[in-house]
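Participant: Sequence:
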Amino acid sequence: MAEASAMSNHSVHAMDIPIVADRVAMFLDFRDIRRCALVSKQWNDNFEPALWRHTTRMSDWPERQQRMTDAAVERNAHHMESLRVAQTTPHHKSLVKHATNLKQLAIHFHDPQRKFPIVDKALLVARNKGLVRLALIQGWFNWISVTPASHSHLRHLVLNNCRIERHNTRPFWELMTNLESIELTLTAIPGQDFNPVEWTFNRLRSITISRLPPLRRWHMRGRTFCDWIGQCPNLERLILRLTAAFTIPGKYLTTVVRRNRIPLRVFDISNYCRINEDDLDDLIDAVDGLKGFRVSHWMPLRQATRDRLLMHANTLTHICLRQARTTLNDHISWAPIPSKYHQQILDSCPNLIEFYGRVLLSSDMLSSPWVCSKLRVLVLFIEVSQSYRHKVLDRQIWDTETFERIPQPGREQHHHHHHNNNYRWRKGNNRYYRKRCNDPDIRASLLEHAAVYERLSRLSDLEELDLSRTSAGKPYVARNKHLSMRFLAGFGKLGRLRKLRVFGSCVYYDRAPTIMEMNWIAGWKQHHNKKNDPLQEAQVVRQAPQIEALHRPWLHLERFRWPLHEAIYQEGYRFGHRTVWNGDGWYKAAMKKYRPFQADNRHYHPTAEVDVWISSWDWLNIGPESFLTDSESDGDH
1 MAEASAMSNH SVHAMDIPIV ADRVAMFLDF RDIRRCALVS KQWNDNFEPA
51 LWRHTTRMSD WPERQQRMTD AAVERNAHHM ESLRVAQTTP HHKSLVKHAT
101 NLKQLAIHFH DPQRKFPIVD KALLVARNKG LVRLALIQGW FNWISVTPAS
151 HSHLRHLVLN NCRIERHNTR PFWELMTNLE SIELTLTAIP GQDFNPVEWT
201 FNRLRSITIS RLPPLRRWHM RGRTFCDWIG QCPNLERLIL RLTAAFTIPG
251 KYLTTVVRRN RIPLRVFDIS NYCRINEDDL DDLIDAVDGL KGFRVSHWMP
301 LRQATRDRLL MHANTLTHIC LRQARTTLND HISWAPIPSK YHQQILDSCP
351 NLIEFYGRVL LSSDMLSSPW VCSKLRVLVL FIEVSQSYRH KVLDRQIWDT
401 ETFERIPQPG REQHHHHHHN NNYRWRKGNN RYYRKRCNDP DIRASLLEHA
451 AVYERLSRLS DLEELDLSRT SAGKPYVARN KHLSMRFLAG FGKLGRLRKL
501 RVFGSCVYYD RAPTIMEMNW IAGWKQHHNK KNDPLQEAQV VRQAPQIEAL
551 HRPWLHLERF RWPLHEAIYQ EGYRFGHRTV WNGDGWYKAA MKKYRPFQAD
601 NRHYHPTAEV DVWISSWDWL NIGPESFLTD SESDGDH
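Going by the UniProt record's numbering, the residue at position 156 of the sequence shown is 156; the numbering climbs one at a time, nothing skipped.
The hints are simulated quantities; they were obtained by calculation from the structure and are not laboratory data.
As the structure is a prediction and not an experimental result, all values here were calculated from the model.
Among the hints, a few may not be true.
Keeping only pairs whose Cα atoms sit at most 30 Å apart, straight-line, the calculated DSS-like set for lysine-lysine is [unchecked claim]: (1) K499 / K340; (2) K493 / K374; (3) K93 / K129; (4) K41 / K97; (5) K103 / K93; (6) K499 / K291; (7) K251 / K291; (8) K291 / K340; (9) K374 / K340.
Produce the complete structure using the sequences and hints provided.
Facilitator: Rendered as structure tokens:
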């Protein structure tokens, strides 16, 4: 009794719900936090700090969740850790005054309407002493006062289309002494007065130069560039993705790497950057433990170079061979890397995480075991059943001479008072029947596709699978224009990939219903049945038995990618003769609003793609950032 009375007299403090909610939100992503905040107004108030912590664009904040006022910004701006500032950013006065705990800041200086003055942007940088990552876009480096003394925590710097004058180079080199990574895009560094003896960048581990400015502004050429690399004794990543001709002195760079013992791990030279073939072989030999490799299409990847690359098979984690070619003389066939070499990489690299390739034959794929069990990203064109490419599978799907309808045991056909049964067969309502293919070529092709999907389903850590994002896909249009039966032959096997978030497949001409299939797979329910809602069309896919079995395994998919075809623009947003949503749906409206061309421009960019973000809770998000080229788009959160 005494013990019970002591327990009853013990005072219990009330639980601090906002702090608990903030702790719980540390283990959730932004989408789950928004779902929790929509439960009630009390839950929204409890998760408000976590929502503000994930907010990066003030202009994108939903009005239905939070009424944006200066008081709200003043109360919650100190929770923000990441922010993008542009000319459309509202409440900039309150942000400058109260957003003082930012760790990541991106500033767009180009402001023709002067809604966010340059003075306020510079003051925003000065107030945040704990910045870790800073990005400056379209501005002058002397507009802000960033020195090592004022920003000792700054480790990552991104300069996009910025100007650095000659008299401002010394503060720039002083700032670089504390940086761990620097990314330059259309930004020139005056290198006339660079003295390699004076500066040493011990912390710098990554250098990325995406695009070169005009050569008259790029003064760091040849040996000066290699001297800059030589002053980075801990450099691990060297990425040169240049759009202007730039030749690297390979012999001098190899000498610098060996002399200074630079631990280079990732070597990426793409687009128009060049290096001598023999110098590239020597550089690969000089690097100890290569992890990432990518070359441009302006330099051939010889057999000797490929053999040297395989010597680092135990350490390679990222390989990109999309632009690689074997010779520069054959411009017609493009001379891609053979399929056998793709298979050697997949068989020899046990630690491979990302692999971007060209063409892999299914015969090579199925004949050898893969050791890359840790693979997360696979972008590859798998060529299957090339001897059956003249078989038009879509047009023979309901042909009784090709497919024999066999009743499933234990089920009966219910007509539901339909007098015309032939009409029901033409509409594809074959729910109580299964089909058996009588054509031996088509049957062999479907079985081979199923075997390919079975092999891909063994990669349990796979997060992105793109079977079309390669420049080799265009010559194979005739082979893949009728893809529904081949696409669905073993598609259900990929449902075993529980970590898969992005999936891309070949879709050309009249293969538009794939997006309807993906909408249905994502779990569209009765709450979308609004008047004139184009998503009602997705319910038609319920009649397809091939898709009906794929609903549950694919609920975790977030993004589906397919390449655009010029027929969308030339024939009025149409895939051949079949219009998406009868020309009145969201797809036509989205293309009219967000496509990256003019209305009268019928030229098609071969690398243009569409990413569809699939969500079974909210809606289908498609925007300007969804049109991807070779460069990846930045996420908002």
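Participant: Taking the hints in turn, state whether each one holds.
Facilitator: These are the hints, each one checked on the structure:
Restraint check for K499 and K340: satisfied, since their Cα atoms lie roughly 28 Å apart, inside the 30 Å limit. Proximity of K493 to K374 is assessed by CA-CA distance (about 19 Å); at most 30 Å being required, the pair is judged to hold. Restraint check: the Cα-Cα separation between K93 and K129 comes to about 18 Å, which is no more than 30 Å; the hinted pair holds. A hinted pair counts as satisfied when its Cα atoms are at most 30 Å apart, and K41 with K97 qualifies at roughly 27 Å.
Between K103 and K93, the direct Cα distance comes to roughly 19 Å. Compliance with the 30 Å bound is thereby established for this hinted pair. Of the pairs offered as hints, the one joining K499 and K291 holds, with about 24 Å between alpha carbons and a cut-off of 30 Å not exceeded. At most 30 Å may separate the alpha-carbon atoms for a hinted pair to count; K251 and K291 meet this at roughly 21 Å. Proposed proximity of K291 and K340 is supported: the alpha carbons are some 21 Å apart, at most 30 Å.
Restraint check for K374 and K340: satisfied, since their Cα atoms lie roughly 21 Å apart, inside the 30 Å limit.
Figure legend: structure checked against the earlier numbered hints; every hint is met.
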